[in-house]
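> Single-letter residue listing:
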Amino acid sequence: MTGRRWLAIAATSVGVLGLGFALFSALGRQLASPTPDAEPPARVSDPTAAVGPRISATLYFVADDGVSLVGVAHDVPLGGTPVAQARALVEAQLATEPVPPLLRAVPKDVTVRGVFLPGRDDAYVDLDGAFVKGLPGGSHNELLAAYAIVSVLTTNLSPVARVQILIDGREVETLAGHVDLREPLRKNEGLIRTP
Amino acid sequence: MRRLFVLVCVAVASALAVATLPAQAPPPAPLTLLSAQGRRPLPVVMVNGGEYLSLDELAAALGLTVRDDRVTGATTVSLRARSAVLTPDRTVVSIQGRLVSLVAPPVRQDGRLLVTPEFVTRVLAVVVDQRVEYRRAGRLLVLGELRVPRVVTRGEFGANAAQITFEVSPATEATVTSAGGQITVTFAADAVDAAIPTVPAQGLLQAIRPADGTPTLTLVTGPRFASHRAATQAIDAGTSRLVIDLVAAGAESLTPSAPAPPSTLPTQAPPTAGAAGAPDPAALPFDPGGTGVRTVVIDPGHGGDANGTEGPGGILEKTVTLQVSRKVKALIESRLGLRVVMTRDDDRTLDQDARAAIANNNRADLFVSIHANAAVRPTVKGAEVYYLSVDRADLEARRRLQDPAQALPQLGGGTRAIELILWETAQLRHLEDSAGLAALVEAALRSRVAMSARPVQQAPFRVLVGANMPAVLVEIGYLSHPEEEKALASDAHQDRVALAIFEAITIFRERREKPAP
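Protein chains in written order, with the numbering used here: chain A, 3 to 197; chain B, 250 to 766.
These aren't lab readings, by the way, just hints derived from the structure by calculation.
A couple of the hints might just be wrong.
Where chain A lies over chain B, by a calculated footprint (3+ residues, C-beta under 8 Å) [as the list claims (entries may be wrong)]:
hint : stretch
1    : 306-315
2    : 385-399
3    : 422-432
4    : 542-555
5    : 558-571
Backbone N, C-alpha and C fix where the C-beta goes; we use that ideal spot for every residue, glycine too.
Required output: the full structure, derived from the provided sequences and hints.
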């Protein structure tokens with residue numbers, strides 16, 4: 003092998019390595035770029051269709067026994083800030099249709115009016131009135147709906163330990179006459195079944 | 250000389266032995282077996298601090314056959330084709346092939362087999378195929394469908410007048426007559442279940458005495474008594490109140506007979522009277538007798554604008570909860586003679602705090618909220634019982650907020666201690682009892698109706714938070730299950746549910762009044 007051939011091989015190798023490094027750096031910057039908090043992603047019927055970076059989160063659905071919640075891994079848009087991430091999680095919980103035999107724990111067509119993280123470990127989730135109107139009644143449905151919202155935040159957003167649900171911007175006593183919503187709720191492990 | 254010394258020593262030792270013997274407790278008063286055929290006293294034997302009855306005496310009174318099996322050590326009690334098999338020192342009894350657990354086992358003592366009053370109500374009642382109730386206050390075992398109202402007696406005594414109040418549940422008519430220094434109160438019933446309190450020393454009333462064999466109470470008046478006045482009031486649909494005012498000779502007018510309204514705050518310490526603050530024994534109400542369950546509040550869920558859930562066949566939760574609640578009320582009133590208050594007895598809207606407030610203001614001893622459930626999966630069915638869940642961290646924070654007591658000024662001078670209870674912490678002190686009641690309701694329901702996969706649960710239910718007494722919420726079934734919806738609307742199923750809740754309250758009451766040894 004001549005010196006000229008050695009020189010060509012070395013130049014090619016340097017070029018390939020440089021190109022790889024450039025591609026890797028660009029991809030890393032793209033993955034690390036947060037979604038702007040000011041403009042959270044619009045809610046879609048199937049969040050998996052949304053573009054952009056995503057995280058794997060646990061969403062909660064009614065288990066096949068009909069009386070428990072069960073957590074299911076699902077891709078959710080990455081939020082640029084804790085508030086944006088909390089909103090993305092709640093929106094995904096509200097929008098995602100489970101795979102049978104699992105069933106929805108929360109009513110359909112509910113809009114997230116806002117999510118607030120005022121500090122410490124509390125989160126406030128403001129939903130529109132469709133969350134109340136869509137409940138079919140019964141303490142059991144009310145428990146599952148409330149704790150699905152509580153669980154999706156307390157499980158996936160580590161500082162959050164308690165969640166209070168607001169309806170149309172106001173504190174409510176209950177959703178349908180049973181569960182006390184005047185204070186934030188903690189995750190209820192007794193209601194969640196291991197898949 | 251030596252013989253004399255020995256005799257003296259023996260005499261001294263005997264005297265010391267007698268002197269050091271523990272004081273003999275008075276023998277317990279007998280129970281009375283009350284039936285359509287008449288009354289029969291049943292001697293009571295104390296064993297390990299509990300009251301026992303001779304099984305042979307009971308068998309003679311009820312016409313039962315008792316047969317011992319020397320090989321197995323078991324005893325069979327039978328009447329015609331119905332029988333129960335029991336074994337001394339075992340708390341499980343087989344009744345018609347079904348096992349029943351007892352709080353205290355039968356015991357054998359001096360060759361006799363002894364059983365508790367609970368054994369009579371839970372085992373012998375099945376064998377004789379009749380209802381048997383144990384009325385602890387009146388020391389009665391009531392056999393069959395007799396009318397035996399519960400009478401709670403209170404008294405207040407002033408310088409020239411006294412007021413005796415009888416609260417009677419279920420509501421019962423009474424006739425008051427006076428002759429020979431005695432006032433006789435006769436109730437329109439077969440007997441009365443009355444705990445008679447001790448009357449404090451004063452000159453108007455010496456004693457209140459029951460008359461054996463009749464539904465009658467007699468007030469034995471004192472030397473200062475001159476006249477009386479009686480008035481009847483209806484408290485609610487299930488309870489009546491008879492107030493008798495006694496007036497001393499020389500007093501110018503009668504004390505108004507209107508009773509004081511019930512306090513909305515439970516008092517912790519007895520009230521004090523007089524400007525100097527010294528308690529006046531004659532002004533203290535005397536013990537009405539018994540510390541157990543006297544008032545039960547039944548809360549039919551939803552109502553009015555709030556339908557609750559709706560089954561696929563159109564059955565509304567608010568309707569079935571009211572129907573079942575009425576059945577529970579009727580059972581408790583007719584069989585236990587307790588006072589029952591419904592948070593609603595018609596189709597009206599009632600907020601959550603109002604329900605607990607009704608229970609607190611009536612000083613209820615138990616609160617039972619009745620609901621029907623729904624699930625998104627229509628195959629889910631069965632009854633469930635809930636009691637309040639509270640976060641541990643929140644529990645501690647709330648306990649720190651609690652103010653133990655405050656002294657409030659009293660009309661006429663002096664103060665009285667008031668225990669202030671934060672609404673949000675009212676249920677916390679009763680969680681253990683609520684859990685016990687939930688377990689009893691679950692056990693009673695399980696023997697009669699289908700239970701859910703999660704039969705007893707804790708949940709932060711709003712209606713339970715402010716209840717200042719043991720409280721449970723009973724989900725009697727799933728209206729979203731088509732078959733269960735039909736059952737929940739039927740009389741037969743509602744009767745089963747109501748009977749289960751009634752049975753749980755009965756056992757809770759028995760344990761509250763006399764805890765297991």
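> Hint by hint, say whether it matches the structure.
These are the hints, each one checked on the structure:
no.	hint	result
1	306-315	violated (count 0)
2	385-399	violated (count 0)
3	422-432	violated (count 0)
4	542-555	holds (count 3)
5	558-571	holds (count 3)
Going down the numbered hints, you'll see the structure goes against 1, 2 and 3, while the others check out.
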